[in-house]
Amino acid sequence: MLDFPRWKIWLIVSSLVVGVLLSVPTFFPERIYNQLPSFLQAKVNLGLDLSGGSHILLEANPAEVAKQRLENMEEQVRTELRRGDPKIAIGDISRRDGKLAFMVRDPSQVDAAVERIRPLTQGAGLTGQRDFNVEVVDSSTIVLTPTQAGIDTAVNQAMDVAKEVIDRRINEMGTREPTIIRQGSNRIVVQVPGLQDPAELKNLLGQTAKLEFKLVDIGANPAEVAQGRAPVGSEILPYPDNPSGVPVIAVKRQVMVSGEELIDAQQGFDQQNNQPVVNIRFNGAGGRKFGRVTSENVNRPFAIILDGKVLSAPNINEPILGGSAQISGNFTVKTADQLAIALRSGKLPVALTVVEERTVGPDLGADSIRSGIIASAIATAAVLTFMFLSYGRFGLYANLAVVINIFVILGVMALMNATLTLPGIAGFVLTIGTAVDANVLVNERIREERRRGRSVLQSIEFGYKEASRTIFEANVTHAIAGGIMFMLGSGPVKGFAVVLLIGIATSVYTAVVFTRMLVSLWVRRHRPTEIHI
Amino acid sequence: MRLLKLVPDNTNIGFVAMRKWAFALTALLTLAAVAAVGVRGLHMGVDFVGGLMIEARFTEKPSMDKLRGDIDSLGVGNGTLQQFGDPNTVSIRLPLPEEGGEGASNAVVAKVKAELTKSYPGVIFTRYDTVSGKVSGELVQKGVLAVMLAVIGIAIFSWFRYEWQFGVSTFVAIMHDVLMTLGFFAITQLEFDLNIIAAVLTIVGYSINDKMVIDDRIRENMRKYRKMDMKALIDLSVNETLPRTVMTSVTVMLALGALLIFGGHVLRGFTAAMMLGIVVGTYSSVYVSSSLLISLGLTPESAMRKSKVADVAKGAERIGSNEG
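As you go down the protein sequences, you meet chains A and B in turn.
In this text, residue positions in the first sequence follow numbering that gives the first Met the number 0: the first is 0, and each later residue adds one.
In this text, residue positions in the second sequence follow numbering that gives the first Met the number 0: the first is 0, and each later residue adds one.
FYI, nobody ran anything at the bench for these hints, they're computed from the structure.
Possibly wrong hints are sitting among the right ones.
DSBU-like mimics (lysine-lysine), calculated; alpha carbons at most 30 Å apart, straight line [unchecked claim]:
#1 K308/A <-> K209/A
#2 K141/B <-> K333/A
#3 K288/A <-> K209/A
#4 K133/B <-> K66/A
#5 K141/B <-> K162/A
#6 K464/A <-> K226/B
#7 K117/B <-> K308/A
Next up, chain A with everything else stripped away, as it sits in the complex:
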């Protein structure tokens, strides 16, 4: 017991000093913190519930990705067979049941067609997995069935792109330090600290921003269009702001030019009526295409289509050759600006919906921090007083351990760049309460051994030895609960579990190892014959 070699003392003291020092940068005001050398810049981050801000969980529908892939595949097959060389004549391509199926008109060409389609179905991955299985049914019908692996890869890629697009959009908004993380296979978490009103952000993220220009089918019969029937080669799209009052319009299926060929988009004003508009600029190829189509269709209207809805259908007064164009619609300055941002940052490969949103105003966050600090201070004071009254000198040692423990927990959290949330503060306060448990166990055991008539020295030695085993087992089970919370918990539960787990580890160390050192140093110096405990 008394044998506490000097190196051990050094090890214990220096480990605790390091732990406490790690917590120091957290207490610096932001201005000073930012001037610290980078290796000192490790601090505990505040969760959104404390700093204020928005947490938004976005979800993509994998079925939609699958559907898009099918459409792309259909286009590729059509191009390859109908336009490739030699031409292979096929019937209509059906997209029923998530499969592509079509007839080859000349049965002798079936094998050749399969041969030509195969390369298209090779997955991008290195696994050699095909994206589609190609089969011949009834000797003349070719069926392409998407494989699950292919769909998974496509969803994964779409989500990666979506994450980048979101990142660009939020940066364009000028919001500081957003956190954007992919979660699971088809979700993205966006956290923006300090954001008070997430409506704007949600609108921005909710826009797929798929922009297309198509010619209006002026030959379509208005009565049929109103009933939703389109002529061959055209489609009916919703047009909420149609001046004619009919909320739909018939447009040609073929895309004149699309948003992919944009290089810039800015909010501006129409020179004639001063309405907010979005000015866009095409890249070289896009500009040439737009120029060609507009020269061929002077005095006919074209439709500006965003996410499947027609914004406006202006008339082509003259060929538009400069590679720039103007998107008019029923905009306010703000919505025009949002659309410009969305267009600049590219279209989302898949529509995202908000499935969860949590916003905490900065006032509530500040309140929570304040009350959290007050509660922690009062809890600490109450526990310290109580421990001192109950165990005297031994209580003081335990108290020193508790106070050091508080800073070490913060230090470890800073080192791990962990986030402190409101439930985390609760975990903190709880840890203060349970941290003394180890010392209570030791001290009660020492009392007991004294009552049984052991000498002071033996009682202390036995107290620590017997109690250490109990403390270890009790904390293992406690850590099991904490670990499960950490793995399965989301948001607040996780924040709580982090503090609890760190607290369990550090409190056992400070309460058992550190106080034991203090007690043994004291005993060695004073050789007490009686102890008050």
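Following the hints, position chain B against chain A.
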């Protein structure tokens, strides 16, 4: 200086003799808790049922009836109002609009904000939560799974470490704690949200900790007093650890008390759950899990067999401490 002692030295309370009464009372209370959950149900937060929650802080205490009228007049669905924390703060719960995606829920929030700002100048909106039905379903699943895994995991741990009787008695006692906590929420109709799951898991962790300490002492005494009657032995162990049980509960309650009073309104339900859990957990350590060991037929012999294996595995350390 005279030191504070909450429990006198050498208590000798006959806990085991009371076990029949304690079991009956415990069973009754647990049934009552389950019935309360069944009849009244839990007041689920938006986390678990989905929906939209707006928390507003007014400059003075608003009239709830007027506020309810104002919100009902917006035609955004049936609102539920609840005073939250201080008298000026009200949480407004609304169903999520069934279609229209985020645009629609944004519109609801905007409508409520506009109306309240007009009728109650100076109001600020401190929090919004929107949780879709899909996500809330997953949160329920995960929460239930987490609690079940924790309880089972810990019971298995104590079964491997000790005899099976310890595993079973711990499992029963923990289930009792969890059910009592749920009953508390059913009776008080405090909001049951994600934070409460964390509280329940903490109660599980704490309660286990408490039982481990007593179980550990029982095993120690089983090795020490091989001839002692099991009832007397358990009584002795519970009495010996009683000062620690009470001390630790008190320190934790002191800390939680500070959190309840000063920790702000967001954490209030969480803290209340935890305080109740500490009381229930301490009770079940003393009256349920230890006494149950006897009913499960734990004998010193069964402990000897397992401890031999454990001791060999652990080396001589334990045998060395066996001498007194």
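Here's how the hints hold up against the structure:
1. The suggested pairing of K308/A with K209/A holds, with an alpha-carbon distance near 10 Å, which does not exceed 30 Å.
2. Among the hinted pairs, K141/B with K333/A is inconsistent with the structure: their alpha-carbon atoms are about 40 Å apart, more than 30 Å.
3. For the hint pairing K288/A with K209/A, the CA-to-CA distance comes to about 18 Å; that is within 30 Å, so the pair holds.
4. At most 30 Å may separate the alpha-carbon atoms for a hinted pair to count; K133/B and K66/A meet this at roughly 22 Å.
5. At most 30 Å may separate the alpha-carbon atoms for a hinted pair to count; K141/B and K162/A meet this at roughly 25 Å.
6. Our distance criterion of 30 Å between C-alpha atoms is met by K464/A and K226/B, whose separation comes to about 25 Å.
7. Of the supplied pair hints, the one linking K117/B and K308/A is violated, its CA atoms being roughly 34 Å apart against a limit of 30 Å.
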